[in-house]
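Chains as they are written, first to last, in my numbering: chain A, 6 to 240; chain B, 91 to 215.
If you are wondering where the hints come from, they were derived from the structure by calculation, not from laboratory data. Any given hint might turn out to be false.
Claimed, not checked - Here are some chain A residues pointing at chain B (derived, C-beta under 8 Å):
1) 19
2) 136
3) 200
Unchecked claim - Coverage of chain A stretches by chain B, computed from C-beta distances (three or more under 8 Å per stretch; other residues unrestricted):
4) 9-18
5) 102-115
6) 122-134
7) 169-180
Where is the CB? At the ideal position from N, CA and C, for every residue including glycine.
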Amino acid sequence: MSELHASLLDSPILAAALTLAAYLGGVRLFERLGRPSWCPAVLIGAVLTAASLWLLRYEYVDYRRNVAWLTLLLGPATVALAVPLYQQRHHIFALWRPILCCVPLAAALAALYAVLIAWLLGAPPMVLASLAPKSVTAPIAMGINEQIGGSLSLMLGGLLITGVMSTIFVSLLAKWLRIDDKRLLGFALGVNGHAIGIVRAFELGPTAGAFASLGMSLTGIFTAVLLPLVWRLFG
Amino acid sequence: MKLLRGFLWLLVFQLFGHAIVELLSLPVSHALAGLLLLLTWLLARRRLNESVATASQALIPLLAMLIMPGVVGVFFVIDEFAGHWTAIMLALVVGTFLSVLTTLWLMRRFMPREATDSDTRGRQG
């Protein structure tokens, strides 16, 4: 019996089935809860996965090793992000000046504020490196993480919290600053809150959604190109 | 077949990205280099071929599921970062508040007002 248990845990198929089941369960629960922006489907899915790993006495390192072949798809899925970016080129061409001013500054500050606060509170370099890509979409942030050497798990957790916080703060501050331009709100959601911000932006309308995707992609590209360089200079 | 052909295109661009990153020892990931190369190629050709569009439509919705195994890891590093959680949470929450505030301010400062052109033209006319 324990031999069967061990051989099942050693199978990449079980790891993949577990992942798919937990994710689909997460999406299902998310829909049931009325799509709350503070609790994205991937967070529910992650809790379900962690619970099943614990129930099955499945070591996380073994699970990660067995599910690695599935997560390999992240590579081509990241390359695929070029397609929506190409489809939104008219937005980029029409507004290239303000975009060129805002994206580098906003993306740099998103990383800088977090790193600075954590550094002032005495966090070690490993933590700083994990927090720096916090506003970057996960597939690109994972690439950055590889370059600058943070903790992958902490980075992804931080990404999730950042996304959720961005959607909350954008709606709060939009009211406070009396901003109702959908392009602007969408852009701010994408630049700060990556994919989670985009979900919220599409609730505001297709224009906000398009600008959010654009903001997310440009922030991701800009940060991925610059952050490792800056890290190498100061590290 | 369209899906497979598009998937092959994405893999080929990732391999190109891999080759360029390694040859020039650039500090970016292979996939990001692939993204930039594919974008350049699309912009140069000014045409999106249907198979690439199909494959990207199939893959992009999977992104959330593909990162989930990594996200799960956060529950297993809670002890590893014990003592730093206050700094981490403050950096994430306060840092995000500040960056959202700055972005909105910057955008309002630099973005031309929505439909301002037609408004002023209307008033002038």
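To see whether the hints hold, each was checked on the structure:
For residue 19 of chain A, the shortest C-beta to C-beta distance to chain B is roughly 13 Å, which exceeds 8 Å, and the interface hint is violated. Because the beta carbon of residue 136 of chain A sits about 5 Å from the nearest beta carbon in chain B, less than 8 Å, this interface hint is met. Evaluation of the residue 200 of chain A hint against chain B yields a held restraint, the C-beta minimum of about 7 Å falling below 8 Å. For a cut-off of 8 Å, the count of residues in the stretch 9-18 of chain A with a CB near a CB of chain B stands at 0, and the three-residue condition is violated.
Given a C-beta distance limit of less than 8 Å, the hint that chain B covers the stretch 102-115 of chain A holds, as 8 residues qualify and 3 suffice. Figure legend: the stretch 122-134 of chain A, annotated as covered by chain B; annotation consistent (7 residues with Cβ-Cβ distances under 8 Å, at least 3 required). Residue count for the stretch 169-180 of chain A with a Cβ under 8 Å from a Cβ of chain B: 6. That meets the three needed, and the coverage hint holds.
The earlier numbered hints that this structure contradicts are 1 and 4.
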